[in-house]
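K.L.:
Chain by chain, the residues:
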Amino acid sequence: MSAVSQTSGAGADKIVLEKAFVKNWKAPISFGVVTIVALLLFVLNGREGTSSFKLTADATAIQLPVIQLPTVATGIVITVLLAGLTAYSAYRVQTERKTPLWIVAIFAFLFLVGFLAWAGAGASIPVYGLLLGTVALSAPLIFGALGGVISERSGVVNIAIEGQMLAGAFVSAMVATLTGNAFAGLFGAMVAGMLVSFVLAAFAIKYLVDQIIVGVVLNVLVLGLTSFFYSTIMTANPQMFNQPARFPRIEIPVLSQIPIIGPLLFQQTIIIYIMYVTVFVVWYGLFHTRWGLRVRSVGEHPQAADTVGIKVGVTRFWNVSLAGAVAGMGGAYFTLGSVGAFNKEMTAGAGFIALAAVIFGQWDPLKATMAALLFGFATNLQSVLGVIGSPVPSEFMLMLPYVVTILAVAGFVGKSRAPAADGKPYIK
Amino acid sequence: MTDQPTNEPNPGLSSSGMSDTGIAHLEGPLVSTGPVEPEPPSRWRVAMNEIMGGSIMISILSIVLAMVAGAILIAVTDKTVQATAGYFFAKPGDMLNAVWLAVSGAYSSLFQGSVYNFRREGFLNGIKPFMDTLNFATPLIMAGLGIGLGFRVGLFNIGGRGQMLIAIAIAGWIGFALDLPAGIHMIVAVIGGLIGGALWGGIVGLLKAKTGAHEVITTIMLNFVAFYLVSFLLRTPGALQAPGSNNPKSPPMKDTVVFPPLFGERYSVNLGLVFAIIAVIIVWWILERSSLGFKFKAVGYNPNAARVAGINVGAMFIWSMVISGALVGLAGVSQILGTVTTGFSSGIDAGIGFDAITVALLGRSKPWGIFWAAILFGAFKAGGYAMQAAQGIPIDIVLVVQSMIVLFIAAPPLVRAVFHLPTPGVFRKRTKIEAV
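Order-wise, the sequence lines are chains C and G.
According to this note's numbering, the first sequence is numbered sequentially starting from 15.
According to this note's numbering, the second sequence is numbered sequentially starting from 16.
Just so you know, not all the hints are guaranteed correct.
[Unchecked claim] Calculated lysine-lysine pairs in the DSS-like style (CA-CA distance at most 30 Å, straight line): (1) G/K143 / C/K438; (2) G/K225 / G/K143; (3) C/K358 / G/K264; (4) G/K225 / C/K112; (5) C/K40 / G/K143.
In short, the hints are calculated from the structure, not lab data.
Using the sequences and the accompanying hints, generate a full structural model.
P.N.:
See the structure below:
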């Protein structure tokens, strides 16, 4: 990123550099495939009836009208629009320009509306419930993804997100029950995630063990430890160890009155508000502070960082620990925010989806957050469609985040480049 | 760098063949020329040094350390120990006695559940636990070989679960849907499973070779895709679901396809063990005696050098993942045709795909090493169930001990520090310089 700005700055002294543009047809091709899917589903396999989009919950004061759309007509209009966007994207590539992100966003949104209209033909689609569930399902993924971003930006691959979250979930349930204070539980979760990170960091940085191996093994270790203690201690005396106090919902005075967005974003538990702050702080910190510059430098070029006096090992160690603390908070969301008690294997692969969000989000905190929201949305969409009776089997909806991630790492959805020294131990 | 040891060259380098990187190779000669050694050690000292600090010693001591950690967990969660700890300073003997009873009881039932049960009449009955161990070890050997082969090419195949599930879906369908003569049916099912695993592994190799997609990510993602795909097939009538049932479960395997028991109906060991041993020999042959294996290892040591030497690195990625996936798929086949023949659900893989990673690491990616590591982990599994039944200790402790073994093995300097062992790398480096 910095290299690009330097070359544009060097252009001031009238040196015109020859530019090579590689025509990348991946975007139009992906668009085309999706458009054909839309054509097959919405038009050729169209379902009769009207689809109604319900925007507000029943209980809220301000009610928005229910949007009624004729299903087949909507499908045709949307397919035509998608084809238009595909053609525009192809035209841009032909004239040696890239497909900007906003076109991708509009394309995805249109397809989604078309899909919802098609899947919910003759039924009422609870848009509000869909979005509310998305926030709930995405929260742990966002914490986990931020933990992944911090760690990998500093050059240590964090496969152990799952372990950090599971440790956080276990310890938060235990501490919150023992102290009767949910905040103590949250703090405990951060410490637990950090402890897992200490092991990861010590083995990866001091003993130079392959970081992926340590991560995988740590996941197994934490799974074994938490399951063992759950079976021996927690189930023997759940009142004492596994009935944590949960966070209450807090309404933010003015903001919570905004239609749709208000109840969605501002009638949440404190852990969600902490999440908003964390996303902002990680983004601002990484790209606008000295800390962020150091983290990124040891992740991109540790030798250069070492030359200017940054202690690579120490920087990596503390940032991996910080990453563990953030991921640990995601674990606390499971016990203190949603479920209310610890269960064996309760993270159930969320750490791996968070890892997918890191990669799909191109190691950028904001994009990773978006990816986590997308994955949360896909998971929730599956359960909502299950309720209204979807024609698509739920397993295929659940598969979606993983397929999208495979396409992302294969380079079909944008370019995904890891920090240059990610996963490589630094030996002075 | 404050946390780097300055007096000994690169402690991690001599340990694991996988963690060394380009940087490490560059630094190697710089470091080794640095310190000037006063006099070479005697041959006897070098030999002792190799034995005391070598990889076999590290493996054994890692197992000891992990067992100690497991013992601490058992003792801490034991009720009698907790009760006696309350008056430890008044009567310390009570607590120490309770600790001894808890730990020795646990580990003796682990032994009796995995090797030989002294309470049973006669040798043939007493040896039954060891046969269970071999049965648990069978799929671990196969899957461990697959993962280990990937390691030798520098690929980290975490997709064991997905490859097993796809293999199981294909072999299982052949097993209950087709009507074939006894021997042929079994062979067709095994081949179907091999193809299924090879296909699912091959996708990863293809993506890696053509687009550079990291295999760790794609294998994890394909695990989930396979899981949901098989879950869907298992609840779809006409696909894998048993007719007339609403459960997501397949019909039982036909008698013509099931692996026959090796040593009579009394024991659970079946023909799968023979397949596993054949697989060990084939993988050993591929790695040590074939040109394909030579290319695999060349790519594993340094893909750039291999490319310069004229090896098609992308093709090696694809072929190694195909073979790796096929071996892991074979583990799935042995699960449904040998162990669980009454029909399978989506949890049939039983975590073998992940256990196989630890098996391959413990066996240091060598075929016979994996064989013995799998038998050890099979013993943990068989004994873990016995321990859970006899002493009420959750089987999850086996996970803890297994993962600790691998963690310790991955970091020889840590184990050496705990036991004050010498570092063989120091001598090895010195003799190399003399040779030059």
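K.L.:
Compare the structure with each hint and give your call.
P.N.:
Hint-by-hint comparison with the structure:
no. : hint            : verdict
1   : G/K143 / C/K438 : 47 Å, violated
2   : G/K225 / G/K143 : 49 Å, violated
3   : C/K358 / G/K264 : 24 Å, holds
4   : G/K225 / C/K112 : 22 Å, holds
5   : C/K40 / G/K143  : 59 Å, violated
Hints 1, 2 and 5 from the list above are not met by this structure, while the remaining hints are.
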